[in-house]
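S.K.: Next come the chains, spelled out residue by residue.
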Amino acid sequence: MPLIDVSGLERTFVVRRRAGFVRRTRSEVRAVHDLTFSVETGEMVGYIGPNGAGKSTTIKMLTGILVPTAGSLRVAGLDPSRQRTQLAQRIGVVFGQRTTLWWDLPLRDSFELLRKIYRIPDARYRENLDRFVELLDLGDQLDTPVRQLSLGQRMRGDITAALLHDPEILYLDEPTIGLDVVSKGRLREFLRALNAERSTTLLLTTHDLQDIEALCDRVIVIDHGTSVYDGSLGGLHAQGGSSRTLVVDLVDEGPPIDVPGAWVRKVEGPRQWLSFPTEASAAPVVAAVAAAYDVADLSIQEPDIEDVIRDLYSRGA
Amino acid sequence: MAETSTTPASARSWHPVARYGDMARLWVRAELSYPASFAMLVVGSMLINALDFAGIAIMFSSIDSLGGFGLREIALLYGATGVGIGIADTLIGSVERIGEFIRTGRLDQMLTKPVPLLVQVCSDRFTLRRLGRITQAGVVMAWALPVVDWTPSRVLVAVLMVLSSSALFFGLFVLFSCVQFWTSDASEFANAFTYGGNTLTQYPLTVFPRELAIALTVVLPIAFVNWYPCLYLLGRSDPFGFPAWLQFCSPLAASVVVAAALLVWRTGVRRYTSTGS
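Line by line, the protein sequences are chains A and B. So that you can map any letter, position 179 of the first sequence is 179 in UniProt numbering, and since no number is skipped, the others follow by simple counting. So that you can map any letter, position 137 of the second sequence is 137 in UniProt numbering, and since no number is skipped, the others follow by simple counting.
Any given hint could be a false lead.
[Stated by the list, open to error] Within a straight-line C-alpha distance of at most 25 Å, the following computed SDA-like cross-link-like pairs (lysine to any residue) qualify:
| hint | chain 1 | residue 1 | chain 2 | residue 2 |
| --- | --- | --- | --- | --- |
| 1 | B | Lys113 | A | Gln210 |
| 2 | A | Lys116 | B | Asp52 |
| 3 | A | Lys116 | B | Arg72 |
| 4 | B | Lys113 | A | Asp258 |
| 5 | A | Lys116 | B | Phe193 |
| 6 | A | Lys184 | A | Gln210 |
| 7 | A | Lys184 | B | Gln109 |
| 8 | B | Lys113 | A | Leu142 |
| 9 | B | Lys113 | A | Gln153 |
| 10 | B | Lys113 | A | Arg84 |
| 11 | B | Lys113 | A | Arg108 |
| 12 | B | Lys113 | A | Leu312 |
[Stated by the list, open to error] Listing some non-contacts, in silico: residues in chain B with all C-beta distances to chain A over 10 Å:
| hint | residue |
| --- | --- |
| 13 | Ala30 |
| 14 | Tyr34 |
| 15 | Gly44 |
| 16 | Ser45 |
| 17 | Ala57 |
| 18 | Gly105 |
| 19 | Arg106 |
| 20 | Pro114 |
| 21 | Thr127 |
| 22 | Phe189 |
| 23 | Glu211 |
| 24 | Val218 |
| 25 | Ser237 |
| 26 | Phe242 |
| 27 | Trp245 |
| 28 | Ser255 |
It is worth saying that the hints were derived from the structure and are not from the lab. The structure presented is a predicted model; accordingly, all values stated were derived computationally and were not measured. For each residue, glycine too, the CB sits at the ideal point set by N, CA and C.
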């Protein structure tokens, strides 16, 4: 049985709007509609979608905070909303923009409290703390009040806090938001190591597609409450029907290049941009161009994943 | 239910209480990390509380009795309700911020932790500052003690009075804070009943109309906080002619209110998880 098993999941909200002084209109909004997917142990899944697509509603249902309106839902074999406290022992949750750490106290105090809250055996706690502190380079910050930590340090603290009790699943909501490039890189590296060492399953919601590219073998794209794509990152490129680009620098300015299997998108002096389908090989196109023209330089640009996703969203709408 | 840990059942049932202690301790340490601010707030709170009873005492410089009760007798009523609300406020006062927890998303975070939600909510921002109120009410009550002609059964009733009074206010705090599960910004609503109830019970009920005395017995039973047990302690017959057995009913009234509060709390949490707002 998959670790996370979601089938026909449905969630509607009742929205009351004022219409006049006392009168209110009642309308139903479907935040999640007929959502089905499953995640196996050890997967790293990117869960992406535009604002209001139903991402946080899904996460809330997966963690037991919100009861589904319909459909079936199992996480680690448990019914999240009914067995919320039991499930809590087995999952870790990081909300990128809210900290769970004790603001005025050293990082160590927050960790100690979690040891008691999750009843982590002493030896295990020490082992985990040492490991995460080392991997996340938090050694010097353990005795610093959280309010004095940088955003990156605090995020690393929050992630440690979510992992001390050895959760099988880690939910990360925008974990790299507001971090600089170095901090982002270090965090991604840590998450990869965590997954490799402990096969912790990762479910990541983010707007930062580099997070996805660096971490996730699989992406689920959600729009208007339902999954519009579920598969590998590479497959997402093909899905979008987008094209790769061959940038050709000719020795001299000339008319648009004419070769089979590609078409010119743009000409700027001696530089020309040719598009060809993503699934086609670049070799024959390059060969044809090189054979027929005086080429000074060549380069290939992969399609931008953001374009692909934007395309998916607009098709869903 | 398959509990994976091998913790004995007795340790499990103490888990929430022990975690309450852990979280409260951390909040106190956090508070003490700003020592100057803490000291000023303690002094301020003591001054305000001291002035509170002084008002009643000054009133007695021009009258001998209020509603048929002397100053020390009123001090007994005042102390009993003050200690009760003080203990309840110290232990669970944060429950009135439930609306804020909902709005800021902190409630969601708490829901992902394996400790009962009520324990997490109540221990939040635990502060020793509130001890000022208990101390002041305790001093006033201690000063009033000689007015009672003590017997073993009166000692028992007095102890039960303080416990029931705390439990009753605990119930009222939770009960009326739960309104915020339905209308998320109504913390003042709870105050009307808790602090309002506290103010009402600082005076003998004889100063109020009979209808109010009945309402405070059967509708919102805060007369059991101090009025009925104090009648017994002072050896008085009920001025309204209500039955004497009411004077022993404080623990019962407290149990009913606490049970109702826990029920409403559960309903409120269920409403939150099923509506998401």
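S.K.: The structure should be examined with respect to each hint, and the outcome stated for every one.
M.R.: Results for each hint:
1. The suggested pairing of Lys113/B with Gln210/A is violated, with an alpha-carbon distance near 30 Å, which exceeds 25 Å.
2. Between the alpha carbons of Lys116/A and Asp52/B the distance comes to roughly 41 Å, so the proposed pair goes past 25 Å and is violated.
3. Taking the CA atoms of Lys116/A and Arg72/B, the gap is about 47 Å. The hint is violated against a cut of 25 Å.
4. For the suggested pair Lys113/B and Asp258/A, the alpha carbons sit about 63 Å apart, so the restraint of at most 25 Å is broken.
5. Note on Lys116/A and Phe193/B: the hinted pairing is violated, with a Cα-Cα distance of about 36 Å set against a maximum of 25 Å.
6. With a C-alpha separation of about 9 Å, the suggested pair Lys184/A and Gln210/A falls inside the 25 Å cut-off, and the hint holds.
7. As the CA atoms of Lys184/A and Gln109/B are separated by approximately 23 Å, the hinted pair is consistent with the 25 Å bound.
8. Using a Cα cut-off of 25 Å, the hinted pair Lys113/B and Leu142/A holds, with the two alpha carbons roughly 22 Å apart.
9. Our distance criterion of 25 Å between C-alpha atoms is met by Lys113/B and Gln153/A, whose separation comes to about 22 Å.
10. Proximity of Lys113/B to Arg84/A is assessed by CA-CA distance (about 9 Å); at most 25 Å being required, the pair is judged to hold.
11. Taking the CA atoms of Lys113/B and Arg108/A, the gap is about 18 Å. The hint holds against a cut of 25 Å.
12. With a C-alpha separation of about 36 Å, the suggested pair Lys113/B and Leu312/A falls outside the 25 Å cut-off, and the hint is violated.
13. Look at Ala30/B: its CB is around 4 Å from the nearest CB on chain A, not clear of 10 Å, so calling it non-interface is violated.
14. A beta-carbon of chain A comes within 10 Å of the beta-carbon of Tyr34/B; the shortest separation is about 8 Å.
15. The beta carbon of Gly44/B is kept farther than 10 Å from every beta carbon of chain A, the shortest such distance being approximately 20 Å.
16. Distance check for Ser45/B against chain A: the nearest CB is about 20 Å away, which clears 10 Å, and the non-interface claim stands.
17. The beta carbon of Ala57/B sits about 39 Å from the closest Cβ of chain A, which is more than 10 Å, so the claim that it is off the interface holds.
18. The Cβ of Gly105/B sits about 6 Å from the closest Cβ of chain A, inside the 10 Å cut-off, so the non-interface label is violated.
19. In this structure Arg106/B is not separated from chain A by more than 10 Å, as the shortest Cβ-Cβ distance comes to only about 8 Å.
20. A Cβ of chain A approaches the Cβ of Pro114/B within 10 Å, the least distance being about 4 Å, so the stated non-interface status is violated.
21. Here Thr127/B stays apart from chain A, with its beta-carbon at least about 13 Å from theirs, past the 10 Å limit.
22. In this structure Phe189/B is separated from chain A by more than 10 Å, as the shortest Cβ-Cβ distance comes to about 20 Å.
23. The beta carbon of Glu211/B sits about 31 Å from the closest Cβ of chain A, which is more than 10 Å, so the claim that it is off the interface holds.
24. Listed as outside the interface, Val218/B is consistent with that label: its C-beta sits roughly 33 Å from the nearest C-beta of chain A, beyond the 10 Å cut-off.
25. Non-interface status of Ser237/B relative to chain A is upheld: no Cβ of that chain comes within 10 Å, the nearest being about 50 Å off.
26. Annotated as non-interface, Phe242/B keeps its C-beta farther than 10 Å from every C-beta of chain A; the closest such distance is 42 Å.
27. The claim that Trp245/B is not at the interface with chain A holds, since no C-beta of that chain comes within 10 Å of its own (minimum 42 Å).
28. For Ser255/B, the requirement that its beta carbon stay farther than 10 Å from each beta carbon of chain A is met, with the minimum near 26 Å.
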